[in-house]
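Mind docking chain L on chain A? Use the hints.
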Amino acid sequence: MLGTKSIREEFAAIVGGANLRGGAAEDAVCGVVPQLVLEPEHEGQVAKALACANSAGLSVIPRGGGTKLDWGNPPRSADLIFSTARLNRVLEHASADLTVTVEAGCTLQSLETALARHGQRLAFDGLWPERATVGGVLSTNDSGALRLRFGSLRDLILGVTLALPDGTLASSGGKVVKNVAGYDLPKLATGALGTLGIITRAVFRLHPLPWGAKTLSFGAPTAERMQRHILEIQDSKLAHTALQIHCATGSEPRADLLVEGTDAGLSAQESELRKILAATPVQATSHLAWNAREQLASFLPESAAFLKISFLPAVWTDLVRLLRATETAEKLNWRGIFQAIGIGWLRFEGGHRELLGAIDQLRSELERRGGSVVVLRRPPGLSSLDAWGNPGDALPLMRAMKLRLDAKSTLNPGRFVGGI
Amino acid sequence: MDSRVLQEFREIVGKRRLISSPEELRTYECDGLTNFRAMPLAVLLPSSAEEVQAIVKICHRERIPFVARGSGTGLSGGALPVENGIVISLARMNRILEVDVPNARVTVEPGVINLEVSGRVQAQEYFYAPDPSSQSVCSIGGNVAENSGGAHCLKYGFTTTHVLGLEVVLPDGSLVHLGGKALDAPGYDLAGVFVGSEGTLGIATKIVLRIVKQPECVRTLLAAFPGTNEAGAAVSDIIAAGMLPAAIEMMDNLAIQAAEAAVHPNYPDCGGLLLVELDGPVAEVEALMRSVEVLCRKNGAWEIRLAHSEQERMLVWKGRKAAFAAMGRISPNYIVQDGVIPRTTLPQVMSEIERLSQEAGLRVANVFHAGDGNLHPLVLYDRQIPGQEQAAEALSYRILELCLAAGGSITGEHGVGEEKKHMMPKMFSEPDLATMQRVRCAFDPLLLSNPTKVFPTPRLCGEKPGKYAEHPLEQAGIAERF
Chain A
1 MLGTKSIREE FAAIVGGANL RGGAAEDAVC GVVPQLVLEP EHEGQVAKAL ACANSAGLSV
61 IPRGGGTKLD WGNPPRSADL IFSTARLNRV LEHASADLTV TVEAGCTLQS LETALARHGQ
121 RLAFDGLWPE RATVGGVLST NDSGALRLRF GSLRDLILGV TLALPDGTLA SSGGKVVKNV
181 AGYDLPKLAT GALGTLGIIT RAVFRLHPLP WGAKTLSFGA PTAERMQRHI LEIQDSKLAH
241 TALQIHCATG SEPRADLLVE GTDAGLSAQE SELRKILAAT PVQATSHLAW NAREQLASFL
301 PESAAFLKIS FLPAVWTDLV RLLRATETAE KLNWRGIFQA IGIGWLRFEG GHRELLGAID
361 QLRSELERRG GSVVVLRRPP GLSSLDAWGN PGDALPLMRA MKLRLDAKST LNPGRFVGGI
Chain L
1 MDSRVLQEFR EIVGKRRLIS SPEELRTYEC DGLTNFRAMP LAVLLPSSAE EVQAIVKICH
61 RERIPFVARG SGTGLSGGAL PVENGIVISL ARMNRILEVD VPNARVTVEP GVINLEVSGR
121 VQAQEYFYAP DPSSQSVCSI GGNVAENSGG AHCLKYGFTT THVLGLEVVL PDGSLVHLGG
181 KALDAPGYDL AGVFVGSEGT LGIATKIVLR IVKQPECVRT LLAAFPGTNE AGAAVSDIIA
241 AGMLPAAIEM MDNLAIQAAE AAVHPNYPDC GGLLLVELDG PVAEVEALMR SVEVLCRKNG
301 AWEIRLAHSE QERMLVWKGR KAAFAAMGRI SPNYIVQDGV IPRTTLPQVM SEIERLSQEA
361 GLRVANVFHA GDGNLHPLVL YDRQIPGQEQ AAEALSYRIL ELCLAAGGSI TGEHGVGEEK
421 KHMMPKMFSE PDLATMQRVR CAFDPLLLSN PTKVFPTPRL CGEKPGKYAE HPLEQAGIAE
481 RF
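Protein sequences, first through last, are from chains A and L. Heads up: the first sequence begins at 1 in our numbering, then just goes up one per residue. Heads up: the second sequence begins at 1 in our numbering, then just goes up one per residue.
Here chain A stands alone, though its shape is the one from the complex (with noise of 0.2 Å):
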């Protein structure tokens, strides 16, 4: 059994007495209490820590923030987590050359804060910030909406350090914005829901702050006319940084689009937008408006689910049409995020045999044009439902890929695609 004491001295002789407990009830995974809590201090601990839990049969949850400890599927076992908390350190910003090396386990609002003092950014707009940490935002692939402008993770993501089970801490990429030597093991990691290995720092390439931004926000009375706006700005000279449409059950669909930089800029940009909506009227808007993905992830109902969606964002329209018809169909209720570059956030609420045939439906209507539906957060009861979805003739890769780099399973194990 595990929590014998010579396997908890190891692990004591490893991260020090002081930084190892057994698990409490808010530690629980997926409603798995783990048996013990591990905090290493540096990414040697972290190493080391991992090569004995593998050594030993054990399975490890790595957890930065805990905040989306339950994306993905419920893990086959728990017995032990590595939180990052202790590596926390922005280890260097180099500002003049626009990248900064980061301790995974420092939270967003940290780095934000220690980068804004060069009036720089890492370009990406995560949830809960204040908890949110770089390694937990890279490995379930968050993704915001400055990435219209900036691109997703994997685009900021320059280098990255990752403990493998047997022991070694390999690195990839490295430290300037521009390098093909070697594997991009960086992409590899992110996504991958901390299953090939535990990132332990990250290096980024940074943008500048914008010098001002202007939020402008328009409605449309129906989804149809909405998609004709969004592809007209899409298809504009337009330079904005990110563009979004809240649309639910019941109600006409609004969107809001930022810009930034200059005064002149800004002013311009604004004109453009009303010139290429024509008759829409364009209100300026608070900036709060970005926290519009925050609020719809968080505080969900009991009954809800919440899930990532990625589709074809010409065809948003069809979206929203297959997500009416729930409406009457199944009498669900929805409510969305969408960003124009065709991801999206939905909560979803209604019973449970309703929520799981709408879903069901839903996923293999995207799936039929290429995209794709992720159940993030899944009410209770509806624990079988399977987070991913099908993810296609790469999955043999994909376990082969598995096999290598983590061959008895010790992390995360059962939680992510295809069972793995």
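Watch out, some of these pointers could steer you wrong.
Per the computed footprint, the stretches of chain A lying under chain L, defined by three or more beta-carbons under 8 Å from a beta-carbon of chain L, are [as the list claims (entries may be wrong)]: (1) 8–22; (2) 39–52; (3) 63–75; (4) 132–139; (5) 246–255; (6) 262–274; (7) 302–312.
To be clear, the hints were calculated from the coordinates, so they are not data collected in a lab. Predicted model only: the values in this text are computed from it and were never measured. Even for Gly, the Cβ is constructed at its ideal location relative to N, Cα and C.
Chain L alone, transformed into the frame defined by chain A:
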């Protein structure tokens, strides 16, 4: 090669698409890195993914290594044939399969030429952003292999930023789809691993590309500085002021002379030339350009020119893009290198290069992607003079070591290929290389796909995912599995 196997290949691609005569094979014995040559056993030119699969399945069965080849313009020997192996040329697979402007995606076969993609969507005012200098001849498949950049990757990113999905023939002949038209496909980002893997993980037979709307305006500025240090300082100031130009290029005097001799761009004769390009909405660009001018003058620019028409802009770029080839005007031979350094280290790196070049008695011209720190030192020499070629090679590698010492990389865009694989252990530790090797083994356990490139020693994929074995603690009854 076994004549039976040769016949099987012939049956797949047709007699005319299999090259086996020595005279014809010569064309394929090297790529853009002409110092490295090797003869393949045969060259095949398939015209479909099914043909590629059939070929690779035979290679898998017979353990024949293969090297995929696009336009053969690579500068690191990535398409150099492997001993006792074949070359699979994707040149015939050159169709643009789908153009989906509303979704800003274009799907192409690997043999499509880079510039053709932009050409196809130009009418709708879109373009394909990665613009290596060889873009009028290099192929998308080759770009995928090398994760090619170009002058505008500072703002727009590299090939990997613009590849959304891939259809790939794996080294066992199976066909898989990595990524796709929609974003964030569930699972590992294997498309992201494949891009830049230099043909060592399989062969891409279909690529989904992202296209970008042309900016409202583009403004290009040329600034003449007393030297590269001053030019570099101006770049630092531009970055510090919070601006992100679309491109910033720097050339030293030797590079300017060569460009002038070759294409007459009428560059000012100066110690350090800066080419700064801004794009975006007119009002924004004009405001920022004024700041750029001020910062250039502040750092000693004695002449500043703004390109006033598309023609002028093209001429300004012509000089820069012809810089490598232009070296031929001022030297019988040259070696181009591709190191990356943190931008802030430019002054000391440049003075070190100067010192090394004097020591070696060889001239070095420098062209620099100043925005992202990608340095192209061009080591000039004369092959006819005994010992100069070796000296030039040695100098080019010393410069790469310099880049590493400064915290950079041995390659920013040309790839490791054959040429720089011996330098990989200088950049990465043994555990790093071993981990990359494991990734390789997941794709290619038999080491058939471009097996001798990127890594210094091809290593067999030893780990056997075998039967589970009980841990001693479990055997002793102390620990048990959940």
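Structure-based check of all given hints:
Only residues whose C-beta sits within less than 8 Å of a C-beta in chain L count toward coverage, and the segment 8–22 of chain A has 0 of them, not enough to reach three; the restraint is violated. Given a C-beta distance limit of less than 8 Å, the hint that chain L covers the segment 39–52 of chain A is violated, as 0 residues qualify and 3 are needed. Only when three residues or more bring their CB closer than 8 Å to a CB of chain L does the claim for the segment 63–75 of chain A stand; here the count is 0, and the claim is violated. By the rule of at least three residues with a Cβ nearer than 8 Å to a Cβ of chain L, the coverage given for the segment 132–139 of chain A is violated, with 0 such residues.
Requiring three or more residues with a Cβ within less than 8 Å of a Cβ of chain L, the coverage given for the segment 246–255 of chain A is violated, as only 0 such residues are present. Counting residues of the segment 262–274 of chain A whose beta carbon lies closer than 8 Å to any beta carbon of chain L gives 7, which meets the minimum of three for the stated coverage. Taking a C-beta to C-beta cut-off of 8 Å, the segment 302–312 of chain A contributes 4 residues in contact with chain L, enough for the three needed, and the coverage statement holds.
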